[in-house]
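Participant: Single-letter residue listing:
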Amino acid sequence: MGLLSDPNRRRALISLLTRLNSPICVVCYMAGVAWFMGLAFEPFTLRTYMSENAMGSTMVEERFPAGERALTTGREFSAHKKKAGGMPVDWLVKTMQARGLEVFTQRFSRKLPFPDENKERYMVKGTNVYGILRAPRAPRTEALVLSAPCTPGDSNNQAVGLLLGLAQYFRNQIYWAKDIIFLVNEHDLIGMQACITFSPDSCRGGSIQAALSLELSSDVITSMDLVLEGLNGQLPNLDLANLFYAFCQKIGVLCTIQGKLQRNDWDSVSGYSHSVQTMMLMVMKQASGRPWGDHGLFLRYHIEAASIKGINSFRQYKTDVTTIGRLLEGMYRKLNNLLERLHQSYFFYLMPSLSHFVSIGYYMPAFGLLAVILLLRALDLWVQLATPPPRTEDGITDKEQVSSPGVLSVLTPLVISHLTGVALYTLPIQFQEMAVEQFPVSETEAVVLTAIGVYTAGLALPHNTHRLLSGEGTEQGWRVLKLVAVLYLAVLLGCTALINFSLGFILALTLVPVAAFVTPHVPKVLSAFILVILSPACTLLFSVFFFQELQELPVSFQEGWLLYLSVISQGILDHFLYGSLVYPLIALLVYPCWLLFWNILFWK
Amino acid sequence: MAAPLTLLVILSVTIRAVLYRSSLAEVISERVEVVSPLTAWKRVVEGLALLDLGVSPYSGDVFHETPLIIYLFHFVVDYAEITFMLADVITAVALYMAVMDYNKQVFRKQKYALEADRYPLDCLELIRSPKEMYYIPLKVAMFYLLNPFTILSCVAKSTCGLNNAVIALFILTTIKGNVLLSAIFLSLATYQSIYPLTLCAPALLYLMQRQFIPVNFRRVSFWWFIAQYAFMYLGSLFVIVGLSFFLLGSWDYVPSVYGFILSVPDLTPNIGLFWYFFAEMFEHFRLFFLCVFQINVFFYTIPLSIKLKEHPVFLIFMQLAVISIFKSYPTVGDIALYMAFLPVWSHLHRFLRNIFLVSCVLLACSALFPVLWHLWIYAGSANSNFYYAITLLFNVAQILLVSDYFYAFLRREHHLSYGLYLKRKDGSEATLVLK
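Chains as they are written, first to last, in my numbering: chain P, 530 to 1133; chain Z, 5 to 439.
Everything labelled a hint here was simulated from the structure, so no lab data went into it.
A portion of the hints provided could be inaccurate.
Unchecked claim - Here are the simulated lysine to any residue pairs, SDA-like style, with alpha carbons at most 25 Å apart:
(1) Z:K135 to P:W821
(2) Z:K311 to P:P536
(3) P:K640 to P:W821
(4) Z:K143 to P:T1003
Make a model of the complete structure from these sequences and hints.
Facilitator: Right, here's the structure in full:
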């Protein structure tokens, strides 16, 4: 309590913090970035290890033999798919029944808010087929899911074949303690969502403990890729990744995360940059808030899930389907041993490689160092507002002289910027029909262009505010507004980072400098330029290019721009289809907050 | 002054009415921060359904409100929203009138003291001006009606709003000096949630001060007044309890309401300190710690009453804060009630030391509650420790806030009697240190 109650020490601390405010802020920012970059350095990370006892000690012998037959089934499926021009429901039902499963079908239809140009769909109608393998030795209270998407075209037939092969093999084993649901879903995530949100009595399986989604498009593969990122950046329990890694090691399958192989030369520059690349890919994917595989929606319902993708590249060493079948068999047998849901290991982590992870305790300081800048600036402003300091007082005094003009001059920009945010959130969907009638654009273009239009129109905010406010903004006025905005941003970024660290960190990286330096007294044109460059929309644009760069698929500006437009439309779609929070977060909270800083810049 | 108050009331009723119509209302009424097992509207509806079926509403261990509340809603259940909005308005108007009256007295006292030259000369800047005091009642009403906590509580139809209205009426009648009504409303508030019992100390002090009865244990007039007040209080409590008995025809409600408040069987997370502690504790120690926690709420009455003997209204504020921090099922509605008093002490701002820190923490915690709840309950990635950490921080911030105001109040009083610029014996400038 000494620091809080002793006025002399308080005064010394506060004067130190205000005098050295800018240098401390710069140091904090650099330290935050350095800390984050350090996370990918292998000695600073932890090796993954299996925390769950039920999956650790028991050894499993994998015996799945029928890879070739699975491929034949896959080809048969492909033929029927072509014939039916979509999901071959009848064939699947018959085949699953022949393998002794309880089979159910589920029809669903969904109208998208506007056409999805990436996947060319608008009115979606489809059917999910799932067969339940009843556990012979247990009540029907728990279940595991293995799913394979039925996609148009020639892809993923092998996955369905392997799924059916595994179903046949699993049926003959007696050790299952949990129901296993084999799901073939149409229209990827839309089908998945229909399946999960289905009324529980029709699902007829127990509560789902874990789920894997399998994607396999070739007869042989070179490596298996693990995809973890789910809706809103949620990740499954790390033990699921550990399980996958452990079995890949055991069976001898090459495994990757973010399509990146593990490297052992962490002490070389190229090795370090490799793991930075892997981690940054994970950060970018997590920040997007999209489900990056069909498993993404399970996570929302407390179900640990991941997608496994077979990749066939030009390597010499190939793995056949039998081996993949054995890998899955092993994983399911271990999951079958679970006594409770996976909860022992971490839920918040980043992975610079499949064998190493960074836990929340290690990465949060990077964000904390950035957030501290905001608090320091707020303290500085508070002290400035309290001047002239009373001669006797140790702390902080009232701001009576500003209170009456202050309230209005703070409230008006706050309300106007939030109204702009609401417009950004609602108008694109509302106005698409009108825009299509008026201009020669498609619905999707209309939505995206309206969003960009509203966003840009918001930049005129300072003029609107000044028209409402009579007279010039006062010195105290902008300080109060900035104090409010800085605290607002700090709370906002803090909450975002807790839910989705990557998104919070990327936003902090760009918005914190803005919040720290903006005053009405800095050079207008240059600052306005910097502010626009660091605004959320430009952050997204850079992220698109950076992501392509990380994936080693660099794009030209033209392509990048088109990609940017499609990313915006996908973000809006994700929100309306699956409830992704990124679009409303940006539109309703982050953008208005940024507008407040824009408003401070043009205070006079 | 009536016009701004009317405008304020219209504005706040509009906000509430809009929120009632929006989809948010349902979300809000499920939030554990806003409704407790005692005050949840869902439970009142359940109690009403049982009552309509001719079963005791307390059978089934869902409903824990008092019989008077359920009979009130038996008649006005169709107008529940209006009832809750009305309760908020009554609270605000009662606080408005109470504070207006209190400020008049403060000003009168200050005038007498000035005329009697009782203040040191350098304290003139501590003297309060009518201009500064003019808007305080309006600010109090505004702090109550536009406080997001009150709005949430009202939109969730938490019966906490009704309790607040009763307490506000008690404060109003006390400040107006009406002994009988004060005792009646105090007994009503006690009947509703036990804890307001501790408010009898400030009420007695205030009423005695008003009637110029010295607080002296050796005076007969002192004891006579206490006996009178106790008689009125206990009499009305007896009537209310008896009325409840005759309405229901059984004593079911006593264990179900008061037993529920005191023995804390429902450990649903809330913003209070009880749930985590009692969920983690060995059953063996439960009774002991239950006593410790409950005595804690009542215990502060004694030292605070001794210290703030001359300032009963500030004591009321302190007591309300203590109750809302330490009670067994606190909700944000309770916090809103004592926060409404903050403008009354706006003249203490220059002595507050941690207000910046505390308001930042309170703000951050309020935002973090739903986030951590989401991570714990829906995402499954966090656990109860995360949520409780925020609860703890929130309560620490509240305690800091209250103790800061307490310190500032005492310090101002100190300065008013010893001068603003204190000198040490050697003539250098002195600073006051709290140890």
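Participant: Now, for every hint given, state plainly whether the structure supports it.
Facilitator: Against the structure, the hints:
no., hint, verdict
1, Z:K135 to P:W821, "62 Å, violated"
2, Z:K311 to P:P536, "23 Å, holds"
3, P:K640 to P:W821, "22 Å, holds"
4, Z:K143 to P:T1003, "24 Å, holds"
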